[in-house]
Each structure stands twice: as structure tokens, then as C-alpha cells.
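Asks: Sequences and hints are given; from them, build the entire structure.
Here is what each chain is made of, one letter per residue.
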Amino acid sequence: MAKYRTRAERPLSPHLQIYRITMTMMMSIAHRVSGAMLYFGTFLLAWWLIAAASNETYFNHVNALFSTYIGRFILLGYTWALIHHMLGGMRHLLWDTGSGFGKKTLEVLAYGTLIGSIALTVLVWFVGYWARG
Amino acid sequence: MSMQTPLGRVRGLGPARSGTSHFWWQRLTAVANIFLTLFLLFSIVFHVGDDYASVTAYLGSPFVSIGLMLFILSVVFHMYLGFKVIVEDYVQHEGWKILFLMGNTFFCIAIGFACLFAVLKLSFGS
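These protein sequence lines map, in sequence, to chains A and B. Here the first sequence stands for residues 1 to 133, where the numbers follow my numbering. Here the second sequence stands for residues 1001 to 1126, where the numbers follow my numbering.
Check before you lean on any hint, since a few could be wrong.
[As the list claims (entries may be wrong)] Quick list of simulated restraints, FRET-style, between CB atoms:
#1 A/Gly100 with B/Phe1063: 29 to 39 Å
#2 A/Leu65 with B/Phe1124: 21 to 31 Å
#3 A/Arg10 with B/Phe1063: 57 to 67 Å
#4 B/Gly1008 with A/Leu76: 46 to 56 Å
#5 A/Gly100 with B/Ser1054: 36 to 46 Å
#6 A/Glu56 with B/Leu1070: 19 to 29 Å
Note that these hints are calculated values from the structure, not bench results. All residues carry an ideal CB built from backbone N, CA and C; glycine is no exception.
Replies: What follows is the structure, given as C-alpha cells:
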């Protein structure tokens, strides 16, 4: 393993702790964090599908675990991460077309992502509880 | 003057002619994920609290199974690409980086196959 230095010691570019916190920055971080949450969240989906494919006893057992307060809290977080990452991703797809970079637009999109994801999460859970009767 | 050939200098520094592949697949699966996720959300929300028989009947029906498997394929590929970037961004040590990249691949393939197997079993009868 070569261990010799290939780069000169130069000042590093300023990082996160230097900048004033902005909404667009927070949403950028939230997009990555929600993505990482979803990554590990697929474990829950796999677990639930395998339980459904196994037998009724095990399926009911897993559903009971998901129905506990901690289970519901995790699923609520999963729902929010899913919707937030989806809305944030749509924002990125818009940016891919080269539009949506105006100062005002960026702010509106950032707040819209957060407010939209919370509102839709509440809606999804409301419908879920309503469908359950 | 370097005695290295131009090819020797760039070898091992990165992919050639595949630079946009990551970006393209990330965006392609992102678009697919929007529709497939909405399908999954509706599927789950309207079957909350259903008993075992009706849930398995629903998950095992042809169109739902196909939708679920497309969802799994698209999502697993998307998260493989996304987590790869996270590892490349934050893991500085070369050895750990390679281990995490391998772990990422193993995790995604394992989760993908586990989900696909479960759906196929539900679909073809358990």
C-alpha cells in the first residue's frame, strides 16, 4: 500500500458548520437522510412480505408487532420518509430539466417539500385508520 | 517528463464511457418509483387491518404481484445507487469503503431476492 502524500496541504473548503442554516440546505440533508431511512426500511417490507408468505400465525404475530406504539411510530416515520423522499425527488427531476432554480422558487419548493410531506403523511394515515373502520 | 504512457496515467482512476450510467439509472428508477410507490401506498392503506386470507389473496393476485415485483426491482436498484453515493461521500478509508460497497451490494440483492421470493410464493400458492 502506497502511503506517500499525493496532495499538498491546503486549506479545505468551508463545510456545513460554516454556513448559516437555510431551508434549502435542510431539505437537501433531509433528502439524503430520508433516503438512508428508506434503505433500512425495506427490511420491514421484506419482513412483512415473508410473514405473509409464511403462515397465518406468523403473519398475525408480525402485524401485532407493527401495531404496537413503537411499531406504529416506526411505520409513521417510514411513511414520512417515503413521501418526503418522493417529493424531494420530484424537485430533483424538475431541476434536471434546468428549471426551478430561481431564488424565490427554491424557497417555495423547499417549504413545499416539507409541508407537503407532512400533510400527505397525515392524509395517508387518516385514510388508513378510516379504511380500518 | 513522466515515463508513463497517457493510458497508464488514467488507468484505475474511474470508469470510461460509463459516466452518465449511474445518473441515468438513478433518474429512471426514480421516475418508476413515483408510480410504483403510489401503487404500494394505496395497496397497503386500503388493506390495513384485513385478515390473513384477504391480504394474501390480494398480494397474490396477478396484477398486484407484478406491481409489487416491479416496485421491488426498481426500489432495490435505486437504493443500491443511492447508498453507493453515500458510502463514496463519507467513507474516507479505502478498505472500509470497499467493505461498505460490497455490503451495500449484498444487502440490496438479499433484500430484493427475499421480497421477490415472498411475492412469488404468495402468487403461485403457498
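Asks: Do A/Arg10 and B/Phe1063 keep their Cβ atoms within the hinted range of 57 to 67 Å?
Replies: Cβ of A/Arg10 to Cβ of B/Phe1063: about 58 Å, so the range 57 to 67 Å holds.
Asks: Could you say whether the range 19 to 29 Å given as a hint is met by the Cβ separation of A/Glu56 and B/Leu1070?
Replies: holds (27 Å)
Asks: Confirm or reject the claim that B/Gly1008 and A/Leu76 have a C-beta distance inside 46 to 56 Å.
Replies: Because 55 Å falls inside the window, the suggested range holds.
Asks: CB of A/Gly100 to CB of B/Ser1054, is that within 36 to 46 Å?
Replies: holds (43 Å)
Asks: Does the Cβ distance between A/Gly100 and B/Phe1063 fall inside 29 to 39 Å?
Replies: holds (35 Å)
Asks: Taking the Cβ atom of A/Leu65 and the Cβ atom of B/Phe1124, is their distance within the range 21 to 31 Å?
Replies: holds (27 Å)
Consistency note: the structure conflicts with none of the earlier hints.
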